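Protein chains in written order, with my numbering: chain A, 1 to 753; chain B, 1 to 195.
You may find that some hints are simply not true.
Stated by the list, open to error - A few chain A residues that face chain B, going by a derived Cβ cut-off under 8 Å, partial list only:
1. D3
2. G11
3. T67
4. V71
5. I119
What the hints contain is simulated information worked out from the structure, not anything from laboratory work. From a predicted model like this one, the values you see are computed outputs, not experimental measurements. For every residue, glycine included, the Cβ atom is placed at its ideal position computed from N, Cα and C.
Listed below, chain by chain, are the residues.
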Amino acid sequence: MTDQSWKERLGDQIPEERSREIETFAGQMELRRQSKLDEKVFAETRLRWGIYGQRYDNGQRYDGVKTQTLVYPAGDLTKGPNTYWDAPGMLRIKIPFGGVNPEQMEVLAEVADEYSDGILHVTTRQDFQLHFVHIDDMPDLMRRLASVGITSQEACGNTVRNVTACPLSGICHDELFDVTPYAKAMAYFLLGHGDTQDFGRKFKTAFSGCEQHACGLVNMHDLGLLARTKEVDGEIKRGFAVFVGGGLGAIPQQAKLLNSFVTEEEILPLAQAIARVFARLGEKKNRNRARMKFLVEQLGIDEFRRLVYEERDKLSPDERWSAYVDDVPGYHETPPHLPTSLNGHARPEGFDTWYQTNVYKQRQQGYVAIYINLPLGDMTSSQMFALADIAKQYAGDTVRTTVEQNLLLRWISEADLPEIYSQLKPLGLAEANVNTIADITTCPGTDTCKLGIASSRGLTGELRHQLIAKIDTLPEAVKDLKIKVSGCFNSCGQHHVADIGFFGNSRRSGNYLVPHFQLVLGGKWKQNAGSFGLAMGAVPSKRVPEVLEAITNRFASERSTSETFQDWVTRLGKKEIKAMLEPFTKVPAYEVDSSFYTDWGDTREYSLGDIGVGECAGEVVSLFSMEITKAESTHFDSLIALDEGNYEKADENAYRAMILAARALNRTRFPALTEDPNKIVEEFRTQFYDTKLFFDPFAGGKFAQFLFDRHEFPPTNKADPDAAKRLVGEAQLFIEACYSCEARVNGSIIDLG
Amino acid sequence: MIPLRTQVKFFLENPEGVELAAFMGVFQRWIQQNLLEGLMIDVADYLHVFDGPGIVLIGHASDYFMESHNGRIGLLYTRKRQTDPDLQSQLRNSFRLALRACELLENDPTFTPRLKFRTDEIEIRFADRLQIPNRPESLDLVKRDLETVLGELYGSNAVHIKPVQQDARHIFTIKATSVSALSIADLQRQTSAEH
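Please build the complete structure, drawing on both the sequences and the hints.
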């Protein structure tokens, strides 16, 4: 066998700068192995190379009966705080604007085989991810990717993450112009830029070509750029409306308009100025408030704008700002075949159904784009090799990943469709139903993510299975709905912008914990993530399919002609929705139906991980349960008040709900009653916050801050709709956190300090 | 130098009616009861992926897949982390651990009728395109070691090895066939014998 290394084999194929950077990282790995590099520093370093931890990398795993200690050969050597060196990790691979070429696809397939489990996963930000990768393999993996122009740099960590763009850019009927070259320029300008290295948190950027469709979803990004044109001196100039401060996370926030028209030459320096302001003024100590949305909210958009332009004026000129603009007019993809029509061509069995959902007619006559439906965003190396061949023969220069975890082949000559379909089918890549209710987006959840609370992938797999079986019988209005699932409140599955969203949580039932999902209804995917849904109530994970059926059946039967799902949800009202959910919230006793006590796709008895169910006295209905119900009820009142436009009442009820939840928790330790909010908050702070009993292993004490902030700093304008909505959402999360705390503590003291 | 990953697949003799989903519970139990050598970490479900990895028991140095690649259900063992001193040792350990997993599955009461693995046909794969590219001449790189290890397992029963012709981009794969009627237990006995 050869003694040659990948470094030697690839040699000049890797750009010199990339090669040097990878060498530096390999050196840092060695320093860490020798304990000469602090683990926290190394952790941030590897994150900036897209190297993430995975579930159980703290050396513990609940096996369904007990928590096992995972003893790795490298012993106590860590790659970050509480993260063992040998533990399998995840590599996130950046794909700017989602564009990959066939050569890159082949290398991606190779590395999935050799370093991972043979699966490539498409994320909700157009990246690829490989799971179960050992950190020792990372340098060679990176070299192989770098040799075909792919990087994992700044895919994770406090950096500018992947720059996304609508996958239909360049072929869409409704776009103003192709945003691809701009997204590409932005991605490579900001990558490793000196002004983007000192953020307190991640920074996400997206490009959209149109306003009315989902497109690039600019409304939910830290920096969103929406294509615009403007007549200047008789000439049509291209530019962008620039939005800032959007984000999902636990509490979603719509982006605010920074400038309604920024020229092509200005978008890069403006992004640089925004980065400087974020780096300088963004929160760095409290990670829970470190996203740019908090800074924009704190300063207000006018002051933020002033600071950005003040920074802009200080920037030293950089030729890169405008150098790319000269290349834009020449940017195009080259289809391998001339445009044709499908008429008269023989159509294989199943083709027509597939055509209806998976084929998009480009604005360029005679060309179409094909969506490849990837269940849960996953595909094998073999599928990737085969798709690369199809792309080489039939498609334009790039295949695009989509944020809905599919792939898009573009510039297909329409007459080639039957042959392509015939090739895709035996590969398992001709599944129909893209962009339908059966095409569900999900985050990795408890499969691999350390933050996962319930199995988003397990639930998604089950829902897909059920929906595919009956898709042909569903009314069109239901077929068009979007479902998105997250494993926890952090919304990596983008549940806030789904018609029907779910995020994982848990509830206690007797001595057991039961996986649940919070239902979020009425988000708007269109209009670039036009609005966010609201939490309606939690249901046991195993009842979610029934809940979905109840909601969709009712929508189908009650909607008036052309009424959207969002409008129907609003018309139905939260009281009615709550009443509809009520029957599904009941959890049978373990002895009656133990299936509720395991999650989808997992045979283990459900647990919150390392902190499992405590030994307890066996009360079925605890004092806490009775008290917290009051908090839930008051919170529900705040939702009603929002519905009615009574924002002052919504604020007051949300605050009161948190006080009641804190009181419920206090009473598990000290049964003495007090109604005084000051005393309740003080007691809560002393007994649960200062002791860290309230601290969740991954969220820390962040939700307690919601209570403290509202208690100590009541708003001057309680009638502010944005503030009221935000507080209602925060109150929900605080209540959830009280549930989690009680489940952990449950009568026994566990020191989490 | 030894390959990044060496894989050994034993095929089921009686795959009819076998549902891969059942192996999720089996693998979870193996972790609970520490039935395998080495550190076992988690179980991954890829049943939704066409011709995919199936159900995977993820370990530190080993993975165990119950998969149905090309429509043929079997136990695919993967040896990773390159902790063996040479290729022969890596192959020997791969077979030993794969056979242990097959033994456990053949004796698992979850399945009725009991599972039975073929021994007259095995696939060996080398997931290392740098050292063992998928070319006919790669057989020379592994032949001696592979024949030695297979000779230890099959004794006097002849075993023929032949590369599987496929897309050159895929990993190098060899099919080993024998006309022997040896059982999994027979082969296992050979793995514990002195060599």
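Status of each hint after checking the structure:
{"no.": "1", "hint": "D3", "in the structure": "holds, 7 Å"}
{"no.": "2", "hint": "G11", "in the structure": "violated, 13 Å"}
{"no.": "3", "hint": "T67", "in the structure": "violated, 11 Å"}
{"no.": "4", "hint": "V71", "in the structure": "holds, 7 Å"}
{"no.": "5", "hint": "I119", "in the structure": "holds, 6 Å"}
In the structure shown, a violation is registered for the earlier hints numbered 2 and 3, in ascending order.
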